[in-house]
Amino acid sequence: MKHLLKTFLFLTIFLVAALGFSQNYGISGFVDDIDGRPVAFANIILMKAADSAVVKGASSNDKGFFIFDKLSSDSYLIRFSFIGFTDVYKTVFVDQEIDLGTTVLYESSEELDEINIIVKKPTLIKEADRLVFNIENTALIEGNMFDVLKSTPGILVLDNNIQVKNTTPTVYINDKKVHLSSEELVQLLETSSANSIKSVEVITNPSAKYDAESGAVINIVMSKNLVTGYRGNVFANFTQGVFPRYDGGMSHFFKNEKIDFFANYTYSHDKINRGQDDVVNYLDGSNTIDQTFMSNTNRNTWSKTHNFNFNFDYSLNEKNTLSLSSNMLVLPYFEYKIINNTEVFDANQNLDYYFDATNFSNDDKYNLGFDLDFVHQFKKAGEKLSANAHFTTYNYNRDQNVKSNYFDRNNSFLASTAYRTDNHQDTKIYTAKADYTLPIDEASILEMGAKGSKIQSASDITQFDSVNGTETIDPNNTNAFDYDESIYAGYANFSKDWEKLSLTTGLRVEKTLVEGHSAIDNVTNTQDYLEWFPTASLNYAFSDNFSLYTNYKRSIGRPDYQSLNPFQFYLNDVTIVTGNPNLQPVIINNVVLGTSLGQGVYTIEAYYKTYHNNIFELPLQDNVNNIVTYTPLNLDKTVEYGLDFITYFNIVDPWSVYFVTSFYNAEDQGVIDGSEFKKNQWSNYSVLSNDVTFLKDRSLNANFTLVYLSKSISGFREVKDVLMSNLSISKRILKDKATISLVATDLFNTQDFNISSRYLNQNNSTFFDQDTRTIKLGFRYKFGNTNLETNQRRVIESETERLEKKEN
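All letters in the sequence shown, in the order written, are residues 40 to 847 by my numbering.
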């Protein structure tokens with residue numbers, strides 16, 4: 040396989056060098072004021088004349104000169120602007136080199152402090168394979184990234200789990216994979232300001248260019264400077280939930296002719312509370328209740344988190360760009376305290392005994408990811424070769440102490456147990472890939488590429504039982520686990536547009552080699568498989584107001600590394616969290632048929648999706664020993680089908696609304712304790728969002744979002760309905776250089792929810808009382824050249840996010 044991939048990569052590079060080129064043109068000119076003096080650093084934005092889509096940005100030099108090069112033949116709209124001057128627009132058709140001569144800017148009659156900044160409303164664009172939610176310059180950017188995802192159509196956040204159509208999505212920032220576990224991803228998003236977000240893309244049918252594991256993709260598109268100059272901002276937020284928390288940070292943008300640089304740092308200091316009520320009915324052989332355990336659990340976490348990310352692009356020349364970027368999460372301080380009170384009742388509901396358990400953990404960890412990219416632009420417009428190398432280093436340490444005291448029904452002390460565990464994990468991820476894009480003609484594009492990745496993870500756990508203050512090693516829960524994974528992949532994509540028909544099709548192949556070795560019992564689990572992943576999308580536009588589309592994708596879901604780890608973590612004496620080294624990957628097939636009406640104002644979409652070997656973490660109760668073990672399992676199959684409706688419109692000019700609703704049926708099928716079982720449920724997921732601008736200068740903005748999920752199922756478990764709500768208000772002050780904001784979440788206190796297991800010999804339920812009802816006050820101040828225009832960034836990178844599963 041290695042020889043095959045090397046040959047494929049060599050042929051790709053050879054084809055790139057051998058392919059021809061097409062003509063490119065340029066536009067140049069000068070910018071002067073009314074007195075004939077050059078206007079230095081004027082902003083010149085080049086847009087498509089057809090739809091005003093931004094193509095490039097430039098800035099005039101000290102002599103007022105500017106130039107756009109490497110342009111294809113087309114009609115363009117050019118906007119000239121400079122603070123204190125009236126904007127000038129020019130339309131040109133490019134089929135040769137264009138000299139615009141001198142463009143004259145006239146001073147604006149308005150005073151500087153009266154110049155209005157245009158405030159955009161969120162817009163929702165439905166494309167055949169994705170939803171694009173544009174939020175730049177709206178009230179939503181005054182929250183954090185996690186708040187934005189909660190308000191994005193198509194994304195459901197439940198108990199800090201991010202889902203897209205019941206699937207855990209792969210998350211990207213600027214089309215680069217975020218190499219974090221689900222828990223760390225939430226930490227990153229909660230502590231990262233949203234003020235630099237341009238849009239959120241919910242990609243439900245990723246092309247073969249993405250990893251086969253990317254069954255659904257969330258791409259957070261950040262701003263990028265188009266013109267030279269510097270700008271930055273500082274921000275601080277105070278949040279009051281059950282306990283106060285705060286965060287602050289800064290962002291910096293800089294660009295000149297050679298360098299494009301962005302850096303962001305955020306520090307957060309949090310204390311978060313979560314309550315939980317559990318009821319476990321242990322059954323006898325006839326499935327009659329034998330004992331009932333009723334538990335009340337209070338969880339508090341204290342954390343200090345540092346997030347730092349940057350992108351540094353250096354233009355070697357007009358055809359070659361080198362980039363270095365990084366996402367770094369450092370958590371030097373994380374304390375986790377669980378206080379549990381459990382009462383045990385007999386079959387007649389009489390109190391038998393009770394116990395109190397205290398679980399205290401000290402964690403520290405870091406996750407540092409680095410990307411090195413090289414992009415070569417060929418003479419032919421759109422033809423390019425890109426290469427990427429990625430490295431992630433992850434280190435995690437936990438020191439856990441658990442103590443339980445037992446009492447009889449008369450409050451007399453019976454006994455106590457105590458133990459301590461040390462857990463360490465060190466993971467390295469290496470990836471390398473190359474991608475080639477070739478526009479065959481004006482309507483056809485060919486993409487191909489190859490990638491290899493290597494993951495090495497070593498972890499160990501040691502448990503010490505404490506008796507009368509003396510610690511002894513527990514051999515039954517002391518182990519070391521080594522995990523190695525290699526994935527080799529190649530893909531090809533082809534897309535073509537006709538007058539009314541557009542087609543995109545692709546094929547990806549991935550070879551996976553896995554080896555997991557448990558040291559103490561000397562057990563090795565291996566996997567070796569080759570899978571093919573086709574994808575296709577077809578769209579036919581009958582008119583400007585009516586189109587039909589369909590798409591298909593086959594993808595894979597690999598278990599995260601922690602889920603494969605066989606270690607057992609005791610939350611208390613009767614509640615265990617453990618992994619499953621025998622987990623198999625999930626194979627997903629997804630088919631969609633949809634229509635777009637009224638120039639995209641209305642979208643109706645039907646879908647059918649199957650999951651083979653679907654993975655769920657389930658609480659499995661041992662009715663003999665009265666223990667609940669949370670463990671990930673493969674179910675035989677999950678089938679889901681549904682109908683979605685999406686619309687976006689203005690009620691009046693300053694008030695826009697979007698509405699999304701999905702009615703779907705999910706059925707889980709599997710074997711538990713040797714018995715076959717299936718369960719299905721019809722559910723509804725709906726989002727209603729309102730955006731309103733106030734005042735003559737539109738400096739006051741508000742967003743109010745409601746998200747509703749009716750009763751649903753997840754791996755045989757029934758989830759009660761939940762209503763999520765969010766209100767964001769922002770006001771620009773200090774001549775538009777500063778913004779104050781107010782964000783209130785869970786306005787109606789309806790985000791707490793209940794999950795129950797009622798099947799076969801499983802009879803338990805959990806109520807989650809989450810720390811989601813908060814009020815946040817924020818302040819942000821911009822400095823530097825705050826009039827710099829921005830545009831989205833497009834660089835492709837992807838990799839796994841399976842470092843560890845979410846904490847229980």
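Just so you know, the hints here were simulated from the structure itself, not pulled from any lab data.
Some clues are possibly wrong.
[Said to hold, decoys possible] Here are the simulated lysine to aspartate or glutamate pairs, EDC-like style, with alpha carbons at most 16 Å apart:
hint : residue 1 : residue 2
1    : Lys102    : Asp72
2    : Lys419    : Asp134
3    : Lys442    : Glu510
4    : Lys676    : Glu706
5    : Lys109    : Asp134
6    : Lys423    : Asp480
7    : Lys735    : Glu706
8    : Lys418    : Glu357
9    : Lys493    : Asp567
Model, not experiment: these values are computed from the prediction.
Each hint tested on the structure:
Simply put, Lys102 and Asp72 have alpha-carbon atoms about 12 Å apart, close enough for the 16 Å limit, and the pair holds. At most 16 Å may separate the alpha-carbon atoms for a hinted pair to count; Lys419 and Asp134 meet this at roughly 15 Å. Taken as a hint, the Lys442 and Glu510 pair is honoured in the structure, with Cα atoms around 13 Å apart against an allowance of 16 Å. Between Lys676 and Glu706, the direct Cα distance comes to roughly 8 Å. Compliance with the 16 Å bound is thereby established for this hinted pair.
For a cut-off of 16 Å, the pair hint linking Lys109 to Asp134 stands: about 12 Å separates their Cα positions. A hinted pair counts as satisfied when its Cα atoms are at most 16 Å apart, and Lys423 with Asp480 qualifies at roughly 14 Å. Between Lys735 and Glu706, the direct Cα distance comes to roughly 52 Å. Violation of the 16 Å bound is thereby established for this hinted pair. Among the hinted pairs, Lys418 with Glu357 is consistent with the structure: their alpha-carbon atoms are about 10 Å apart, no more than 16 Å.
Between the alpha carbons of Lys493 and Asp567 the distance comes to roughly 14 Å, so the proposed pair stays at or under 16 Å and holds.
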